[in-house]
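**Student:** The chain contents come next:
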Amino acid sequence: GENVEQHPSTLSVQEGDSAVIKCTYSDSASNYFPWYKQELGKGPQLIIDIRSNVGEKKDQRIAVTLNKTAKHFSLHITETQPEDSAVYFCAASSGGYQKVTFGIGTKLQVIP
Amino acid sequence: DARVTQTPRHKVTEMGQEVTMRCQPILGHNTVFWYRQTMMQGLELLAYFRNRAPLDDSGMPKDRFSAEMPDATLATLKIQPSEPRDSAVYFCASGPNWHEQFFGPGTRLTVL
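As you go down the protein sequences, you meet chains A and B in turn. Sequence positions in the first sequence follow this note's numbering and run 1 to 112. Sequence positions in the second sequence follow this note's numbering and run 1001 to 1112.
Calculated from the structure, these hints are not laboratory results. Don't take each hint at face value.
[Stated by the list, open to error] Simulated pairs of lysine-lysine, PhoX-like, Cα-Cα distance not exceeding 25 Å:
id, chain 1, residue 1, chain 2, residue 2
1, B, Lys1078, A, Lys42
2, A, Lys58, A, Lys37
3, A, Lys57, A, Lys37
4, A, Lys22, B, Lys1011
5, A, Lys99, B, Lys1078
6, A, Lys58, A, Lys107
7, A, Lys37, A, Lys71
8, A, Lys37, A, Lys107
9, A, Lys42, A, Lys22
10, A, Lys71, A, Lys99
11, A, Lys68, A, Lys99
12, B, Lys1011, A, Lys57
[As the list claims (entries may be wrong)] Label-pair ranges, simulated between beta-carbon atoms:
id, chain 1, residue 1, chain 2, residue 2, range
13, A, Lys107, B, Ser1058, 27 to 37 Å
14, A, Val20, B, Met1039, 22 to 32 Å
15, B, Gly1016, A, Asp59, 46 to 56 Å
[Unchecked claim] Computed footprint of chain B on chain A, listed as stretches where at least three residues anywhere in the stretch have a Cβ under 8 Å from a Cβ of chain B:
id, segment
16, 39-49
17, 59-65
Even glycine gets a Cβ: it sits at the ideal position worked out from N, Cα and C.
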């Protein structure tokens, strides 16, 4: 089955700086890579996703990159703000009815 | 603003008791997922349904866990008998397709 590794497990950045979270996956058949943000006391919320036919996707201050050859993908947050503080999960799925496998999560703290 | 709802939000029970967690998926979503989240294991998929039919429940301890969808507006997860190691946050998620998952707020279960 799929195995998704995520790092770092914790990340502290100064407000306004950039944050990068990296993930690797094991199943070369995986073709869908969502990222979720989980705030304290809430369920994870999808913030951005990328499919294997695209190398990069951007949505305002958030961007994801995908390297299928190396089987890794990353989340980039620019101009971080205190409200970006949360736990971020990467995930991978090979489509069809294959389950989405989540990484262990990265706790991001943005220091004002 | 359509949301997945879960009840109860918190549950404290004693070992050996039956626990039932309920989820109301977003109207029109045909996939429903149950996850368990712990610090050690992260997000674990327990079971998932498509059009109310269970597709995979291999993530659940079969002897004590059961998941059902009595109708399109209700999904249930039962634990009988509960054990202290079942203490976790249980999330329900629904989606309009296989990949997009909208998570509920979770049920925090404590088994004493």
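**Student:** Against each hint, give a clear statement of whether it holds in the structure.
**Tutor:** Here's how the hints hold up against the structure:
For the hint linking Lys1078 (chain B) to Lys42 (chain A), the alpha-carbon distance of about 21 Å falls within 25 Å, and the restraint holds. Between Lys58 (chain A) and Lys37 (chain A), the direct Cα distance comes to roughly 16 Å. Compliance with the 25 Å bound is thereby established for this hinted pair. Distance restraint check for Lys57 (chain A) and Lys37 (chain A): the Cα-Cα separation of roughly 17 Å lies within the 25 Å cut-off, and the hinted pair is therefore satisfied. A threshold of 25 Å between alpha carbons decides the hint, and for Lys22 (chain A) with Lys1011 (chain B) the separation of about 35 Å lies outside it, so the pair is violated.
Between Lys99 (chain A) and Lys1078 (chain B) the CA atoms are separated by roughly 21 Å; this keeps the pair inside 25 Å, and the hint holds. For the hint linking Lys58 (chain A) to Lys107 (chain A), the alpha-carbon distance of about 21 Å falls within 25 Å, and the restraint holds. As the CA atoms of Lys37 (chain A) and Lys71 (chain A) are separated by approximately 22 Å, the hinted pair is consistent with the 25 Å bound. This hinted pair checks out: Lys37 (chain A) and Lys107 (chain A) have alpha carbons roughly 10 Å apart, not beyond 25 Å.
Of the pairs offered as hints, the one joining Lys42 (chain A) and Lys22 (chain A) holds, with about 23 Å between alpha carbons and a cut-off of 25 Å not exceeded. For the hint pairing Lys71 (chain A) with Lys99 (chain A), the CA-to-CA distance comes to about 18 Å; that is within 25 Å, so the pair holds. For the given pair, Lys68 (chain A) sits about 19 Å from Lys99 (chain A) by alpha-carbon distance, which is consistent with the 25 Å threshold. Note on Lys1011 (chain B) and Lys57 (chain A): the hinted pairing is violated, with a Cα-Cα distance of about 40 Å set against a maximum of 25 Å.
Our hint of 27 to 37 Å for Lys107 (chain A) and Ser1058 (chain B) holds, since their Cβ atoms are close to 29 Å apart. Here the CB-CB span from Val20 (chain A) to Met1039 (chain B) is close to 24 Å, well matched to the stated 22 to 32 Å. Between Gly1016 (chain B) and Asp59 (chain A) the C-beta distance comes to about 48 Å, which sits within the given range of 46 to 56 Å. With 7 residues carrying a beta carbon less than 8 Å from a beta carbon of chain B, the segment 39-49 of chain A meets the three-residue requirement, and the given coverage holds.
Counting residues of the segment 59-65 of chain A whose CB lies closer than 8 Å to any CB of chain B gives 0, which falls below the minimum of 3, so the coverage claim is violated.
Hint compliance for this structure: hints 4, 12, 17 are not met, and every other hint is.
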